[in-house]
Amino acid sequence: MNNTAALEASSLSRRYGSTWALDDCSLSLPTARVIALVGPNGAGKTTLLHLATGLLQPTSGSIRVLGELPGANPEILGRVGFVAQEMPLYRNFTVAEMLRFGEKLNPTWDQHLAVDRLESLSIPLAQKVGTLSGGQRGQVSLAIALAKRPELLLLDEPLASLDPLARRDFLAALMESVAEHGVSVVLSSHLVSDLERVCDHLVVLRNGRVAVDGDIGGLVRTHRLVSGPRHTGDLGGVGEVIDRTDTDRQTVALVRTHGPVLDPTWVVREVDLEEIVLGYLGGRGGSSASADPTLRAVQSTPSEVGS
Amino acid sequence: MIWLTWRQHRAQALATLIGLGAIGVFLLITGPRIASAFHELHACLVVPGKDCSQLHDSFDRRFSGLSFLVPVFMVVPMLMGVFLGAPLIAREVEQGTHRLAWTQSVTRGRWALTKIGLVSVFTLAAAGLFAWMVSRWSYPLVAASDGRFGFGVFDLRGIVPIAYALFALALGTAVGALIRKTVPAMAVTLGAFVAVRAVVELVLRPRYLPAQTVSYPFLQGSPRAGLGDWLISSRVFDPTGRFVSPDGGITVNPSALAHLCPGVPATPSLGGKDEVGRCLSQLGVRFVDTYQPGSRYWLFQGIESAIFLLLAAGLIVLAMWLIRRRIS
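Protein chains in written order, with numbering that gives the first Met the number 0: chain A, 0 to 306; chain B, 0 to 327.
Bear in mind the hints are in silico, worked out from the structure with no lab data behind them.
Be aware that a few hints might be false.
Unchecked claim - Derived, one-sided and incomplete: chain B residues facing chain A with beta-carbon distance under 10 angstroms:
(1) M0
(2) I1
(3) W2
(4) Q7
(5) A10
(6) T96
(7) H97
(8) R98
(9) A100
(10) W101
(11) Q103
(12) R107
(13) S327
To be verified - Taking lysine to aspartate or glutamate pairs in the DMTMM-like style, the calculated list, with each CA pair at most 25 angstroms apart, reads:
(14) B:K49 - B:D59
(15) A:K127 - B:E93
(16) A:K103 - B:E93
(17) A:K103 - A:E150
(18) A:K127 - A:E85
(19) B:K49 - B:E39
(20) B:K180 - A:E85
(21) A:K127 - A:D115
(22) A:K127 - A:E150
Beta carbons: idealized from backbone N, C-alpha and C, even for Gly.
Let the sequences and hints guide you as you build the complete structure.
Structure, rendered in structure tokens:
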């Protein structure tokens with residue numbers, strides 16, 4: 000459509016009392032992507048999403064969504080869909096009344112989209128929202144957010160309250176509409192494994208700051224887990240060190256590379272999204288079962304319990 | 000937004016109307032009886048010089064049981080505020096649904112103003128109906144009594160109940176936006192409403208305009224009797240203008256009385272009271288009454304309503320500011 004960023008933050012900060020929930024964040028998120036916003040609880044994910052919807056105002060710095068000030072007017076409110084963390088709905092409304100709520104409050108409302116979506120999920124429109132399961136409530140919330148036909152969809156921990164099956168259905172429904180309508184999506188989560196299949200851009204927040212922001216393909220290409228004999232000084236010749244673990248005999252590190260790592264004393268292997276996220280969060284590798292045979296040596300070392 | 004407001008608050012609206020309907024039925028049943036009894040009394044009162052005290056006593060006795068309605072009617076405007084106002088914002092924030100509502104294509108300012116506006120219009124209509132019903136029904140009771148200014152009389156009739164209800168609604172809305180929990184907001188609204196009403200009633204209302212005074216001989220009838228004045232105090236002064244006692248009660252020194260009023264029994268029997276009074280008034284002992292003239296009734300209704308409507312407007316401004324700037 001145009002080349003304005005889906006979400007652009009510049010020195011964005013937000014303070015609650017004396018604690019900074021977001022501290023000097025600068026970001027530019029591309030449109031037509033599914034963006035994972037990852038970080039532990041309290042990292043500032045919800046604060047960032049609330050700032051992006053206009054629910055919150057920044058303490059300092061600025062934020063724009065689709066080139067506009069969030070929540071400033073009905074037009075930009077209509078272009079941004081939001082599902083809050085608790086997936087709030089009016090519990091004593093029926094599903095049909097929730098859709099009517101969406102219709103009354105959004106000029107761009109697509110009633111067919113909402114009804115078709117809920118019927119295909121066998122969610123009865125006459126049922127009270129309060130009697131729906133958590134998964135069904137999530138689907139109703141998503142249907143309302145999608146039926147206003149937003150250009151940008153912000154989802155705050157949409158998977159947290161869902162069981163694995165509902166999680167899979169929710170993500171499937173989300174991906175289907177992304178493919179169909181070209182919506183930009185920002186999806187926050189503290190679980191990385193769920194997002195790996197659906198997201199193509201990663202933002203990691205840590206203590207209110209942006210730890211990493213980039214295309215997932217690019218991140219996977221440029222990050223490597225290297226291991227070798229215990230190394231006291233800097234790790235030379237491998238680019239930026241993101242996270243390192245030193246045990247008595249061994250050093251394991253997540254590094255950002257600019258080219259092939261040539262030092263033959265290092266074992267180099269590729270990383271997955273989870274390892275990148277954990278590395279940026281200062282976690283301890285925790286490499287999950289990987290099929291890469293070159294890693295067995297590394298995985299069997301005490302580095303795993305070195306934390 | 001209109002549909003949403005209706006859908007969210009229809010149960011409360013229905014409950015309010017059922018409550019008003021029940022009050023209305025009660026007033027319709029008791030009203031005609033009061034009116035016909037008063038008709039009889041009134042026919043006697045208009046005849047000059049006729050002694051209607053027996054009729055008056057029986058009228059008072061017959062309907063004194065209705066005084067239990069005074070506190071009931073007094074809390075009705077407050078309840079509208081507590082049950083319509085306090086949950087208006089607090090319940091949304093408590094259940095997190097404000098985040099749903101405020102991220103649709105309606106700014107939260109418009110969302111809040113529509114909700115507050117529509118509920119205010121409903122409250123205005125319901126409280127107006129209530130005030131009209133009570134005013135009409137109680138007309139004979141008030142006409143047969145001292146006046147329209149009394150506690151539990153002024154507050155229940157005319158236009159002030161409407162202003163109280165709108166104030167209670169605004170108070171509940173603002174407290175709800177501040178506390179963001181429905182039940183505590185209701186409790187605080189209740190307490191604050193009672194406090195403000197008490198201060199206005201006891202401290203401000205007697206001072207809306209400077210009170211007037213009238214002076215007349217001791218134990219004689221006031222020249223302002225029957226004008227529906229609000230008597231604020233009635234005090235006794237001696238002939239030199241020295242204040243003797245409040246509220247007309249005096250103690251008499253028997254030997255001094257015997258000296259000043261020869262022939263009057265020193266320890267006045269029930270029958271001797273008049274003689275004592277006549278003697279004292281001849282000596283120049285006087286009543287001085289402080290009062291607000293009955294003709295100021297509607298002016299006072301207007302002033303009191305204006306005070307509560309201004310407070311309500313201020314509270315709505317506060318609530319809007321909290322909604323726009325403090326809640327997320």
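Report task. Go through the hint on A10 (chain B) and say holds or violated, using the shortest Cβ distance to chain A against 10 angstroms. Result -> holds (8 angstroms)
Query raised in the report: Can W2 (chain B) be said to touch chain A, with a Cβ gap under 10 angstroms?
Result: holds (5 angstroms)
**Report entry** Hint check: 10 angstroms Cβ-Cβ cutoff, Q103 (chain B) to chain A
**Finding:** For Q103 (chain B), the interface hint holds, since the closest Cβ of chain A sits about 4 angstroms away, which is under 10 angstroms.
Query raised in the report: Keeping to a limit of 25 angstroms between CA atoms, is the pair of K127 (chain A) and D115 (chain A) held or broken?
Result: The given pair, whose Cα atoms are some 18 angstroms apart, holds under the 25 angstroms limit.
Report task. Measure nothing beyond the straight line between the CA atoms of K49 (chain B) and D59 (chain B); if it is 25 angstroms or shorter, mark the hint as holding. Result -> Distance of about 18 angstroms is within 25 angstroms: holds.
Query raised in the report: Holds or violated: is the Cβ of M0 (chain B) closer than 10 angstroms to a Cβ in chain A?
Result: holds (7 angstroms)
Query raised in the report: Holds or violated: is the Cβ of W101 (chain B) closer than 10 angstroms to a Cβ in chain A?
Result: holds (6 angstroms)
Report task. For the pair we were handed, K180 (chain B) and E85 (chain A), check the Cα-Cα distance against 25 angstroms. Result -> holds (17 angstroms)
Report task. Take the C-alpha atoms of K103 (chain A) and E93 (chain B), compute the straight-line distance between them, and say whether it is at most 25 angstroms. Result -> Distance of about 23 angstroms is within 25 angstroms: holds.
**Report entry** Status of the R98 (chain B) interface restraint (C-beta, 10 angstroms, chain A)
**Finding:** It holds, given that the least Cβ distance between R98 (chain B) and chain A is near 4 angstroms, below 10 angstroms.
Requested in this report: Go through the hint on T96 (chain B) and say holds or violated, using the shortest Cβ distance to chain A against 10 angstroms.
Outcome: Hint on T96 (chain B): holds, closest Cβ of chain A at ~5 angstroms, below 10 angstroms.
Query - Cut-off 10 angstroms, beta-carbon criterion: hint that A100 (chain B) touches chain A - result: Status holds, d = 7 angstroms.
Hint 22 alone, counting from the list given before, is not met by this structure.
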